[in-house]
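S.K.: If you want the building blocks of each chain, they are given just below.
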Amino acid sequence: MRNLFKIAIRNLIRYKRRTLLTASLITIGVVFVLVFVSVSGSFKSMITGQITDSMMGHLQIHRKGYVASIDNLPLNLNMKPNAYQTIRQALAADEQVEAFSPRLKFGAMFSNFTETTNIRLNGIDPEAEFRTVPLLPSRILEGKSTVGRGEILIPALLAKGMKVKPGDPVVIVATNADGSVNGMQFTVAGILESATGPGGRDGYVRMEDAAQVLRMTEPEISEVAIRLKDFGRLAAAVQHLKNATAGEVNPQGQPLFEVHSWEDLSPFFNIARMIDIMTFFIRIMLIAIVLISIMNVMVMAVYERIREIGTIAAIGTPPGKIRSMFILEGFCMGVVGAGAGVGIGAALIALLNLIGIRFDFGQQKGLLLKATLDPPDLLVVSVIVITVAVLASLQPAVKASRMEPIDALRHV
Amino acid sequence: MALVTAAGITKDYRTEELTVPALRNLNFEIEPASFVSFVGPSGSGKTTLLNLIGCLDKPTAGRLTVAGTDVGTLGRKESAAFRGNHLGFIFQDFNMIPVLTVYENIEYPLIMVQNIPFRERKERISRMLAAVGMDDQGGKYPHQISGGQKQRVAIARALVTNPALVLADEPTANLDSQTSYAVIGLMKKMRDDLGTTFIFSTHDTKIVGEAEVLFRLVDGRLAEKELKEGTAHA
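Line by line, the protein sequences are chains X and W. Going by the numbering used here, the residue at position 67 of the first sequence is 67; the numbering climbs one at a time, nothing skipped. Going by the numbering used here, the residue at position 231 of the second sequence is 231; the numbering climbs one at a time, nothing skipped.
Next up, chain W with everything else stripped away, as it sits in the complex:
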């Protein structure tokens, strides 16, 4: 069964005078444990699509199912709960909480969203910190670490809740190419280790090649779907 199913997804942005179509009649499926990228030029609808899959926005028309839930029907509180329990987010600007240490940033969703007991929290965070190679940086604050390290922490924070799906909007946009490769490599490794589905958007042509499933968006339409040779999850 597909983890994400989009059936006739349309998203329009409306003002008083005009309607701007952002996504037009998208139909696709994403299988569990796949490593997917949405690519396309600016304004093609990548971020809009990620926002819809991430329950941050609702489609104007069509049906979008994520982890078996029609996310277009969720209310405000249900959306928050769904995001907290099923989804992880990695942001372009890292979006660390500046008053919390690296350890506390990773701990945040476990306390505030999932109410995980202390012992289990500690065990999960230690495992995540080790997995992203930050096990000796837990006590540092975000302003004390580099951009690449922040994105590693963001990956750990996104994965610590054991989500089915991690969404990353331009996760390498603020990183140099070497760090970008390292971050994408880490995301892929985590997919391999944990079986979590990763969906990321990018317009970085070098990074695009790392995706196993590629959806190309042009003017809000799905122009092309590419499968990398030997990809199991198509």
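Isolated chain X, as found in the complex:
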């Protein structure tokens, strides 16, 4: 094998310019794929992280039918306290669940005593909420880093529009499930940075205050946000929780709860899916580049060396070794192209990080993109390139090994 490698490498060096051009083409392809995969993947992970860790959680449980009407925040589709207890026990016993936070969501009128606007509010237990969405405290731009009784966290856009700041008194007026209206005065505890996505412009009050505004003796729960220990096991966790809650049915035999991952609830998932599709097609392009360039070179190599093939076949070289000789040439080109591409790609990504790419995403301004390269990505791209290089060499190599020595020796 060592000798086959030696001959393959020397044959590649023999046609320096052609080898260099082909290897460069593969290298450029690999660099483009790696940079694209890195930047788009990092963007996807970053935004996904922002969405799940600062407002949505990894998945949510609602009462059946709630999500279909979620824009209206229907109070009549909340979970009753005993129903929530069932969920709470299931989640507390689930080893995959790191934290969960019950929320009482409702729409209200927000008044600064001179102006009024509408607001979506979440009644929360701050401790549970901050464990479930750990980036939420980092969105608090001004004021206290938590919310106490009689206090409210409001989104920045609302604060700016209504000209309120931490410490200011405001009034929240809400219609409860019976249709009656109730109002309550709050103090602005802090201003939240607005975020793009569902819940990104919501305000927060304590659960007890929300229940008081809505005149509930015991708080009902609109949704339970859940944080998993391993985000990579999201699909399995959703299925597991679906199975765990499937037994809970109403008197009509219909399921009481519905489980949704963030992917079902956030429109950003469609963008993430588009990124995945684009990544897939970029990889297909890389495969095409490698396939065509290596095949072209190997077809030329076989054609130019027909007499040599005749000679080595005549002196008794087994067809398998002739085949291996050409396959190894393709393999070596693939390895060089992939190796150089990975090296240059990694350097380019390091340079991009050094320069620092900042971008805006919806209301979030100046987000710093930290492009990263996962070792599995490097491995996948390298394996694809080398495998395709070998496959591209296969047809010319088989042709060479099947050549009749007598015909090959006659070739001019």
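Rather than coming from a laboratory, the hints here were simulated on the basis of the structure. Treat the hints with caution; some may be incorrect.
[Stated by the list, open to error] Pair by pair, the computed Cβ-Cβ distance ranges are:
1. W/GLU120 to X/ARG14: 23 to 33 Å
2. X/VAL380 to W/THR10: 51 to 61 Å
3. X/GLY343 to W/THR15: 47 to 57 Å
4. W/THR15 to X/ILE344: 53 to 63 Å
5. X/ARG14 to W/ASP192: 49 to 59 Å
6. W/PRO32 to X/ARG14: 33 to 43 Å
7. W/GLY133 to X/GLU404: 31 to 41 Å
8. X/TYR303 to W/LYS122: 31 to 41 Å
9. X/LEU379 to W/LYS140: 41 to 51 Å
10. W/THR15 to X/ASP276: 49 to 59 Å
11. X/VAL380 to W/GLY195: 57 to 67 Å
12. X/ARG14 to W/GLN178: 30 to 40 Å
[What the hints assert, rightly or not] 35 Å max Cα-Cα, derived DSBU-like pairs, lysine-lysine:
13. W/LYS122 to X/LYS399
14. X/LYS163 to X/LYS365
15. X/LYS6 to W/LYS140
16. X/LYS16 to W/LYS122
17. W/LYS228 to X/LYS6
18. X/LYS44 to X/LYS165
19. X/LYS321 to W/LYS228
20. W/LYS122 to W/LYS189
21. X/LYS399 to W/LYS58
22. X/LYS399 to W/LYS77
23. X/LYS16 to W/LYS206
24. X/LYS6 to W/LYS58
25. W/LYS225 to X/LYS321
26. X/LYS370 to X/LYS44
27. X/LYS321 to X/LYS6
28. X/LYS399 to W/LYS140
29. X/LYS321 to W/LYS206
30. W/LYS58 to X/LYS321
31. W/LYS77 to X/LYS321
[Stated by the list, open to error] If you want a taste of the chain W side facing chain X, the calculated C-beta under 8 Å gives, among others:
32. LEU56
33. ARG83
34. PHE89
35. ASN95
36. VAL99
37. MET112
38. VAL113
39. ILE116
40. GLU224
All C-beta atoms in this analysis are idealised placements derived from N, C-alpha and C, irrespective of residue type, glycine included.
Using the hints provided, position chain W relative to the given structure of chain X.
M.R.: Then chain W, alone, in the frame of chain X:
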């Protein structure tokens, strides 16, 4: 026992419309350690006959036995193995592998065909390089040596596997007359030293005289067999 036995060998080249006879009913025997030449004008069938003996082609009819094997019955892989183990080839255009040095060219069949261990390879190659007078040229590439030297390397490559038979198709066609004589002289010396049978084709009348057994081919037929005075292998 004869090294090569041809019994009624016929070779036709067929196209869709016509059949061109290249060899017609050849019968001959070649003894081991002989120095044989096939001569004749272009198109007489010399190269075709060498190709058949060299297992590079198959006869249309007849039986051709080389080193005790009916080569007409061998499959593709068996033919390659037979060539690698029993035959050596010297080509008109030297046919060196350009990316390998002189040493590596001679080493090639030992590695790729016979899988000879390193120590034995080294010993055999050194002996061959010395025998063909190229012991100080082993590190050079084919493009760095002359035509005559290339043919010496080709002789060394053909002999290094200890074949029973070396086939040389017009081995001196691309050499000047002085070098041609030197190459034929070297082939004969190697025959004497190693006992290897050499069969070469030529239309060079000066070189023809060096053969000890001469088969003259005309239009694919064996017209004449000549034995040189005092030839032991007839």
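S.K.: Among the hints numbered above, which are violated by the structure, and what are their numbers in rising order?
M.R.: Hints 5, 17, 19, 23, 25, 29, 39 and 40 contradicted; others consistent.
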